[in-house]
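Undergrad: Sequence:
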Amino acid sequence: MTELYFPVFGAMAVFLLAVPLLTLAARAAFAAMPGARNSIDAHGTPLRYALVIGPTLGPVLWLVSAAAHQSEEGAALTACLVDHFGDELCQDVVFFGLALAAILGAGAARRAKGPPAPRSETAVSRASTERVRRRSHSNHSLSPFARRIRVVASGRAPVCTRGLMRPVIEIEARVVRKLSDEELEAVLLHELEHARAGDPLRFFVAQVALTVNPLGRLLERELARYCFAREVSCDRRAVQHGADPLSLARSILAVACTRPAAAFGAGLTGHGVDGIKVRVQLLLGYAAQWPGPATPQQRLGLVASAAALLTVLPHFAGTGPLDVLHRGVESLALLAGLG
Numbered sequence: 114m115t116e117l118y119f120p121v122f123g124a125m126a127v128f129l130l131a132v133p134l135l136t137l138a139a140r141a142a143f144a145a146m147p148g149a150r151n152s153i154d155a156h157g158t159p160l161r162y163a164l165v166i167g168p169t170l171g172p173v174l175w176l177v178s179a180a181a182h183q184s185e186e187g188a189a190l191t192a193c194l195v196d197h198f199g200d201e202l203c204q205d206v207v208f209f210g211l212a213l214a215a216i217l218g219a220g221a222a223r224r225a226k227g228p229p230a231p232r233s234e235t236a237v238s239r240a241s242t243e244r245v246r247r248r249s250h251s252n253h254s255l256s257p258f259a260r261r262i263r264v265v266a267s268g269r270a271p272v273c274t275r276g277l278m279r280p281v282i283e284i285e286a287r288v289v290r291k292l293s294d295e296e297l298e299a300v301l302l303h304e305l306e307h308a309r310a311g312d313p314l315r316f317f318v319a320q321v322a323l324t325v326n327p328l329g330r331l332l333e334r335e336l337a338r339y340c341f342a343r344e345v346s347c348d349r350r351a352v353q354h355g356a357d358p359l360s361l362a363r364s365i366l367a368v369a370c371t372r373p374a375a376a377f378g379a380g381l382t383g384h385g386v387d388g389i390k391v392r393v394q395l396l397l398g399y400a401a402q403w404p405g406p407a408t409p410q411q412r413l414g415l416v417a418s419a420a421a422l423l424t425v426l427p428h429f430a431g432t433g434p435l436d437v438l439h440r441g442v443e444s445l446a447l448l449a450g451l452g
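Heads up, the sequence shown is in the working numbering, so the first residue is 114 and it goes up one at a time.
Hints listed in this document are in silico derivations from the structure and should not be mistaken for laboratory results.
This one's a predicted model, so the numbers in the text were calculated from it and none came from an experiment.
Do not take every clue at face value.
[Unchecked claim] Cut-off 20 Å, straight-line C-alpha distance, at most; resulting in silico cross-link-like pairs (DMTMM-like, lysine to aspartate or glutamate):
(1) Lys226 - Glu333
(2) Lys291 - Asp357
(3) Lys390 - Asp154
[To be verified] Have a look at the derived ranges for each label pair, beta carbon to beta carbon:
(4) Ala400 - His428: 45 to 55 Å
(5) His253 - Leu366: 25 to 35 Å
(6) Pro147 - Gly218: 33 to 43 Å
(7) Lys390 - Ala142: 23 to 33 Å
(8) Leu134 - Gly218: 17 to 27 Å
Heads up, the beta-carbon is just placed ideally off N, CA and C, and yes, glycines get one too.
Using the sequences and the accompanying hints, generate a full structural model.
TA: Structure, rendered in structure tokens:
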């Protein structure tokens, strides 16, 4: 029974103490950032994304990696107060790492739940499928992606990009029938930008991080602002790559609805009526004045690099903080008479 002290109470300390404290720090950092009030793009920076996911994923990634490292070396025994009777491996650390990974896995499973997978379009709507295929192949930007554009009978959203590692664009047949050729092309170019940027994966990771964060609600508004900034960015980039801004504005209004995309999807509409109004107004401005050539897509290279650094750091810099947590949790358990 004593082997469960550290896995159980250690995981509680991480998610009920460390993660909330880091969340409050992130919230304070958001409040101190200048310039975001007057700039939508300022809400879509990698730094802001990192502040949303960092309070949860930062400590968990480091601790899981540190636990794995100690398991490999057998070093956890030096910090463990529980007698393992000559064992070379402290199983407490293994179970602790598994507990943290399980909590993240539970959050991912919860966010991944959604309506049943959409049905592929049948021969009845073959005309819609053929029309999308022709329109995709006629555009030099869409043509390389044509095989990953699918017409469905009923999707998780009227138009969305979904899939974590290899995103696909899904568009409902009724939407295809509703839109003109120019509007259809504009919609597909918008979704193409989501796919190129890997937005379904970044949105999903952020939603999982907030799901398992006890104070995640404090960062929900910042995540919503980040997602809206991504929509605005994809609108602009679609125009820069040849979409007619007025056609894109009409298509947004045509498919506007309250059905959100799934946790691993990025839909054309969303963020309420006010969000749609802002996007339409910006597109009208692009019709009057072209926004200029596209700049390189904002990647999350720094965020990915920071995550990789956190993962490998315990293997080079040691696992001191994990030892402190390990010894502290077991000391409190023994003082409480649980030993």
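Undergrad: Evaluate each hint against the coordinates.
TA: Going down the list of hints, with the structure as the test:
1. Distance check on the hinted pair: Lys226 and Glu333 sit about 19 Å apart at the alpha-carbon level, within 20 Å; holds.
2. Note on Lys291 and Asp357: the hinted pairing holds, with a Cα-Cα distance of about 17 Å set against a maximum of 20 Å.
3. The straight-line distance between the Cα atoms of Lys390 and Asp154 is roughly 16 Å, inside the 20 Å bound, and the hint therefore holds.
4. In this structure, Ala400 and His428 meet the distance hint of 45 to 55 Å, their C-beta atoms being roughly 54 Å apart.
5. For the pair His253 and Leu366, the beta carbons lie near 27 Å from each other, so the given range of 25 to 35 Å is met.
6. The given range of 33 to 43 Å is respected by Pro147 and Gly218, whose C-beta atoms sit roughly 38 Å from each other.
7. One distance hint, 23 to 33 Å for the beta-carbon pair Lys390 and Ala142, holds here, with the actual separation near 30 Å.
8. For the pair Leu134 and Gly218, the supplied restraint of 17 to 27 Å holds, since their beta-carbon distance comes to about 23 Å.
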